[in-house]
Amino acid sequence: MTMLDLDGRLLQRRRLWRRINASVGIRLGGVLLALIFFIALFAPLLSPHDPIAQDLTRRLLPPFWHASADLAHPLGTDHLGRDYLARLLHGSQVSLGIGIGVTLLAGAIGTMLGLMAGYFGGRVDMLISFVITTRLSLPIVLVALAAVALGGASLRTLAIVLSLLLWDRFAVVVRSATQGLRNREFVQAAVSFGASHLRIMLCSLLPNLRNILIVVATLEVANVILLEAALSFLGLGARPPTPSWGLMIAEGREHILFDPWLIALPGAALCLLILAVNLLGDGVRDALDAKAS
Amino acid sequence: MLPFLTRRLIVAALVALAVSAVSFGLMFVAGDPAVVLAGQAGRAQDVEIIRQAYGLDRPMPLQFFSWIGKALTGDFGTSLYFNLPVGAIIAERLPVTLILGSAAFLLALLVSVPLGILASIRPGSALDRAALMLAVFGQAIPSFWLGLILIVVFGVWWSLVPISGTETWQGYILPVIVLSYYAMPALMRMTRAGMIDVLGADYIRTAQAKGLPRIRILLIHALRNAILPLVSLAAVQFGMMLSGSIVIESVFAINGMGRLAWESLLRSDLPVVQAIILILSLIYVTLTTIADLINAWLDPRLRSA
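As you go down the protein sequences, you meet chains D and B in turn. Just so we're aligned: 231 in my numbering is position 231 of the first sequence, and the numbers increase by one with no gaps anywhere. Just so we're on the same page, my numbering is the position in the second sequence counted from 1, plus 293.
Keep in mind that the hints were calculated from the coordinates and are not lab data. Beta carbons are placed, not taken as given, at the ideal position from N, Cα and C, and that holds for glycine. Where hints are given, some of them may not hold.
[Stated by the list, open to error] To give an idea of the chain D side of the interface with chain B (calculated C-beta under 7 Å), a few residues:
#, residue
1, P139
2, A229
3, A230
Extracted from the complex, chain D is given alone in its bound form (with noise of 0.2 Å):
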């Protein structure tokens, strides 16, 4: 009976298999996100055009595989006859640019809170995790939107939205984390020496919580990505001319009967940054999680 099994050989070939899938899903994830990095770094010397540079003589050609393609625009242009390869290569600046900018932000509060939740307990840890559950009460999309719309739609409003929003995933982490850490030996002593309460929580406690932290920093960079192609999808992120691939995706809505590859080109490179950002983040959680057994 294989289910009995679960100690012994069963764990180890588990265990195997998890360590084989998180150095594929490192690897394989680490070389995808490489690449759009180095694309987003160097995507005005690699584009053919101007991504914003307009040509309506020049409108909605089609892409390479179709017969009366130009190849000068190996992608084809879109309604405005913007170049659809250069505005895709400067799609990745947005989403990487966003990704990481909020998460950051928006890791450093739920980091602080977390720690002081964890570390102080009592009334501080009651207070807080009351914060979180508020919190994770809104509807995040909608109040989002809201705060975007009420902000004046820009890149910048939804990043300082997005950042005060998605502290929640690190806050909730981090806080259990700390209370695992607060009665472990060295910080135990760091009280005895009489370290003051920051100094405990940034010098014993935060260097021991860089694992999660970088876990869930990985998997948020990923969620941060989706919203803000939803959000400028619907109209309230992004503004054009700027190349977002969720707005791409909505200019191409309108031509979606006749020139859906509009639309399938900015998805389908949501989709490989995303694959890249989750495959990375679950290889690096498997992997700590296997040394840690």
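Chain D is fixed; fit chain B onto it per the hints.
Then chain B, alone, in the frame of chain D:
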């Protein structure tokens, strides 16, 4: 059970109050609401008239509690765009979103729970790895984009389903699939992880040693314990589906509450947006509270927590 119940309900009420404060506070994000209401053509005296008519000259806490008091009786104010009571407008749209969300939720559970159980029987097997791979790839697809692609393939190329609206039940097929698929990976992983944990427990070994049929052990003995974390996650996912349907409704042109919220935002109809945020939050608070109560009922140990 009673002390647990009271404590849990008090927390829920406090959270409900806090989310109300947030949705009330949205009115002030853009600055002076009287100026916003007066619009671009508003003169200084118009702003003053509006300030008095809407009671915006009163102290903020007073405004807040009068807003909540009215909201409790179902009075969410008047829509600036339709010039109709907000409650009536939302009541008309809410059922569509609830049908969409509930159907998507059921579909997500029907797919992900059996898949999670199957994957947990033999961790590391081909089936398990296939399910996990599917989850990783599934999570990478933005739902609004999947919706558009499905419209192209099934609506335009093959003409199997209507490409927008919910006049017929066929109109619900694609939106329900798209809305549900995004919750599947998380639910599947949670079922799998919970089952793997439980299947390693001693009482399962005992059940097997007694010679109970395997299906009975899996579905009755193991699932009952593995389902605990799943109940909480399911409540969260259902709440997220209702608020996430804003994107899906705009993709499929469905006249539900989500699309109403989006359109109201675009035409700065703030009372409608506030009411929808409040309703969605309250639904979420209710769902998570019910989930906690179900868990406490399933596992008495949680009642003292």
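Now for the hints, and whether the structure bears them out:
With its C-beta approaching chain B no nearer than about 3 Å, D/P139 sits inside the 7 Å limit, and its interface hint holds. At a threshold of 7 Å, the smallest CB-CB gap from D/A229 to chain B is about 6 Å, leaving the interface hint in force. Among the interface hints, the one on D/A230 holds; its C-beta lies about 5 Å from the nearest C-beta in chain B, closer than the 7 Å criterion.
Hint violations for this structure: none, all hints satisfied.
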